[in-house]
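A.B. asks: Residues per chain are reported as follows:
Number of protein chains: 2
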Amino acid sequence: MIKKAVTVVGAGTIGLSWTSLFLSHGHSVTLTDIREDLPAIWQRHQEALKPTLDSLGLHEQGQLKLTTSLKEAVQQADIVQENGPENLSFKQQLYADMERYAPEHTLFFSSSSTLPASEISQLMNDASRVAIGHPFNPPLIMPLVEVVPGSSTSEETIDQAMQFYASLGKQPQLIKKEIFGFVANRLQFALLREAMHLANEGVVTMAEMDEIVKDSIGLRWAVTGPMLGMHLGGGEGGAGAFMKHLGPTMEKSWAHQGQLVLDEKTQANLRQLAEQSYGTSTLTELAQKRDKGQLGILKLRST
Amino acid sequence: MIKKAVTVVGAGTIGLSWTSLFLSHGHSVTLTDIREDLPAIWQRHQEALKPTLDSLGLHEQGQLKLTTSLKEAVQQADIVQENGPENLSFKQQLYADMERYAPEHTLFFSSSSTLPASEISQLMNDASRVAIGHPFNPPLIMPLVEVVPGSSTSEETIDQAMQFYASLGKQPQLIKKEIFGFVANRLQFALLREAMHLANEGVVTMAEMDEIVKDSIGLRWAVTGPMLGMHLGGGEGGAGAFMKHLGPTMEKSWAHQGQLVLDEKTQANLRQLAEQSYGTSTLTELAQKRDKGQLGILKLRST
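The listed protein sequences derive, respectively, from chains U and A. Note that this note's numbering numbers the first sequence so that position 120 is 120, with each residue one more than the last. Adding 1000 to a residue's 1-based position in the second sequence gives its number in this note's numbering.
Pulled out of the complex, with its shape left as it was, chain U reads as follows (with noise of 0.2 Å):
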């Protein structure tokens, strides 16, 4: 694929995942944010990053540039991945501003886990250029990102968008309603609220709930997805004798979850809870084995 001038704006996590990624395609990358100790923030995730990298086998072969003015960083830019606050009238200002200083080919995507394109480009004049990108953190390394148009995307810049990080070595999805969450946060958050009251009412530890998941649907969902591992798991029959022999079995399930809310003596209990079953080893620890361990899934699925 043809180099690109891809900017970044927004230097957090999801934001410094998303530069490495592009300098190690060979983009000439600006990466941009309001903090004046920008450099250091990227020099800081550099040195964390390298054994990833590594791993990976990449290197950052693109030219970064840091840059504290939004103007500067996208008066020449052919992409922009924005990663700014979930904040509406932020990024509906944002977005205003960047039309205003950007070309007129500028592709606008932004990571947004909440917000959708129709309404953070309500203050443009041309909302036909930007679609939500949203990566499965870190997008370094997870595959997904889910592509979302808005009302006013036009097929080009989704087409655009698709390409773009498929040559990213992404798998990019497109979601085809502008739905809020998207599709993996909410298949996440449904699943995340039931194991949350299943800790919370002391059933089991979050670590046996862990390898609970991990030697049952995570293996499977890691391998077939859910709606594969359901057609496969009614016999001969498929989905249909799934639901028929499972339906009421599954209904009844539903009528059991729990109703959590995130209180704040409920979160409390969920912290020390959380603290009991992780707090003998460091989160860069536990951070590293995630991520050497989905690299090996990702590299045996590949063979």
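Rather than coming from a laboratory, the hints here were simulated on the basis of the structure.
Below, computed lysine to aspartate or glutamate pairings styled on DMTMM-like, alpha-carbon distance capped at 20 Å:
1. A:K1177 to U:E211
2. U:K176 to A:E1201
3. A:K1071 to A:D1097
4. A:K1177 to U:E208
5. U:K244 to A:E1086
6. U:K289 to U:E211
7. A:K1050 to U:E236
8. U:K252 to A:D1263
9. U:K289 to U:E47
10. A:K1252 to U:D263
11. U:K292 to U:E47
12. U:K244 to A:E1264
13. A:K1177 to A:E1119
14. A:K1176 to U:E211
15. U:K177 to A:E1211
16. A:K1176 to A:E1119
17. A:K1252 to A:E1201
18. U:K299 to A:E1211
19. U:K244 to A:D1263
20. U:K244 to A:E1275
21. U:K176 to A:E1208
22. U:K4 to U:D78
23. A:K1177 to U:E201
24. U:K177 to U:D159
25. A:K1244 to U:E264
26. U:K3 to U:D78
27. A:K1004 to A:E1099
28. A:K1071 to A:D1126
29. U:K252 to A:E1264
30. U:K65 to U:E47
31. U:K289 to U:E275
Here the structure of chain U is known, so what remains is to put chain A in place on it, guided by the hints.
C.D. replies: Chain A in isolation, oriented as in the chain U frame:
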């Protein structure tokens, strides 16, 4: 571990898979079912299973006996793994019968996914030897066994169940409360409801949904499970920071969740969607690919 006399009651998919697992660990197995064509059922199972056993590096070394007589099947059993229909009064009578025929030391483990040990053992004189040993299908491949004691189950029985399943290379997990659906299925069904809802609404196809999950939460949860995934998703603040920052988004997502009901119209639509996504491959091909992928991840984990 000392070789035992293990009786498998019920020659459905799960009972047959247990039988192969027990045999491959050298136990003497008696398989019983009221179906007169039991020898033919067993032979078809063995033929279909051969590639899987080969890829697991297992072979059936224990002695197998087939009988349609429950009395004959359990009268010398050390352990019974019961896989009868999910019908409470049927199971209650079955356990009373098995207690009458079996020696005093026999332990009774049920594969039931919905009926608790406290209820299925109600017609027995001594319910201390009964526990749920619920596998994730198929037990030959999937590591999880949920061990769920009833109110009368003895500590000795629980210990023996945990040890027995571990000796088979399984990962038994003790569930501390007799909740409906236990843990793995409650979590599975919570996600499946939202997945079926989004497919039913046409947000993505079933095949696209599978790719979304495989490339995000499936990949992650195969490695960390959901609770450690959440803990590490919170960055330096752990699970507490995750809940604090994403709590409002999660609660909004829960409010948006579909309240899918599996009525005939919904089931018909979902059957059609499954056909559209998977109809070009046979179930056998898809199942072999699933099993190969799962075994690959299990092998990766053990290295």
